[in-house]
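Visitor: What follows is each chain in one-letter form.
2 protein chains.
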Amino acid sequence: MTFSSTLLENAVNEFAKLPGIGKKTALRLVLHQLKQSPEAVQLFADTLATMRQNIRFCTRCFNVSDGPLCNICANPQRRHSTICVVETLRDVIAIEATQQYNGAYHVLGGVISPLDGVGPDQLTIETLVERVKNDGIEELIFALNPNIQGDTTLYYIQKKLGTHPVKVTTIARGIAFGGELEYADEMTLARSLQNRMPIDAYIKSA
Amino acid sequence: MTFSSTLLENAVNEFAKLPGIGKKTALRLVLHQLKQSPEAVQLFADTLATMRQNIRFCTRCFNVSDGPLCNICANPQRRHSTICVVETLRDVIAIEATQQYNGAYHVLGGVISPLDGVGPDQLTIETLVERVKNDGIEELIFALNPNIQGDTTLYYIQKKLGTHPVKVTTIARGIAFGGELEYADEMTLARSLQNRMPIDAYIKSA
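Top line first, the protein sequences correspond to chains X and Z.
By the working numbering, the letter at position 119 of the first sequence is numbered 119, and the numbering carries on one by one without gaps.
By the working numbering, the letter at position 87 of the second sequence is numbered 87, and the numbering carries on one by one without gaps.
Treat the hints with care, since some could be wrong.
[Stated by the list, open to error] A partial selection of chain X residues facing chain Z, derived with a Cβ cut-off under 10 angstroms:
(1) Leu29
(2) Cys73
(3) Gln77
(4) Glu139
[To be verified] Simulated pairs of lysine-lysine, DSS-like, Cα-Cα distance not exceeding 30 angstroms:
(5) Lys24/Z / Lys17/X
(6) Lys23/Z / Lys24/X
(7) Lys35/X / Lys23/X
(8) Lys23/X / Lys35/Z
(9) Lys17/X / Lys35/Z
(10) Lys23/Z / Lys35/X
(11) Lys35/X / Lys17/Z
(12) Lys17/Z / Lys24/X
(13) Lys35/X / Lys24/Z
(14) Lys35/X / Lys24/X
(15) Lys24/X / Lys35/Z
(16) Lys24/Z / Lys24/X
(17) Lys23/X / Lys23/Z
[What the hints assert, rightly or not] Chain X regions said to be covered by chain Z (calculated; three or more residues, Cβ under 8 angstroms):
(18) 47-60
(19) 125-131
Honestly, the hints are just simulated from the structure, not real lab data.
Computed from a predicted structure; not experimentally measured.
Beta carbons are placed, not taken as given, at the ideal position from N, Cα and C, and that holds for glycine.
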């Protein structure tokens, strides 16, 4: 693409660096910005730069945060004796979107995956174990992705906890709502048969 | 969506203001920025803000520009006696992308459309007529969208030019390459029959 303005070209090139944004979409976005007031575009730019400069990780749960403690860890209305263990920040946002969980989180930063060179030391497992042992944690809910790495991580953490008295659960696996039985993979279908639930509990949760 | 960080939330909200970007995509883009260095994000922000603050319109062709004259008008290698008349900046970029045109442009800023409240005075028609009459323009190529407003604008400008000696052409209308005859609209098909071209000229242009 050729541009009559280098300023415009530079802005398009910056937008085109974003994932899933090609040159044409980048141009569309920049032309939209061109129609906004200089103040509005300055606000957009400042908000983004300030976010990147000042954001940090919560010292307790490793979620992104504005201060030493994230908004969730600092909220006295939440039940801090329950920890939901997730891989990434994205998972926290997905669970928060359900509005069904009122406990705290712990972001591992990934899962144990020797093939990718990720061992327990690269994750925040040590801190999680300390939290459970020292902060009076009553329940640990694992919300890891259902694959071999997720399961390995789960077993590793459980072994680290040893005989410490804490209730450990994992989110239910099964056929998704709106999913069709015949297209479900065998593993999911097999597990959802093994872990079949009483109809009363099912009706209550609906 | 709930966020553990207000900084993150603000950035997501800013991205979600862009056209075609929903909350989920905005989050994906912001998380990508979070993975970049603070310097890279600062560059992104500065490039955008600088563009919006400093960009202006070329005093000759009304294209976006860095200085009084845009890169195209200021380029001595281009044939400035030919003007291609377009509606918007986007059209300039589309034509430049073909790499087949080496003349100058004139951006009207729209087309005459009484229903939308756009009359000749809101467009840059006056300046175009002056350019043609005073700058020794030899050819005027209309590249307006083929609809009633585009045609109205074309007739209006031609009337304004009066008997001034200048060659006036319009880009060819016809069946698009890769287009299928049976799906072409009647207007296009009818016009492409009326304006049928000698096979020799067709082969030469292929």
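Visitor: For this structure, which hints from the list above don't hold up?
Guide: Result: hints 3, 4 and 19 break, sorted rising.
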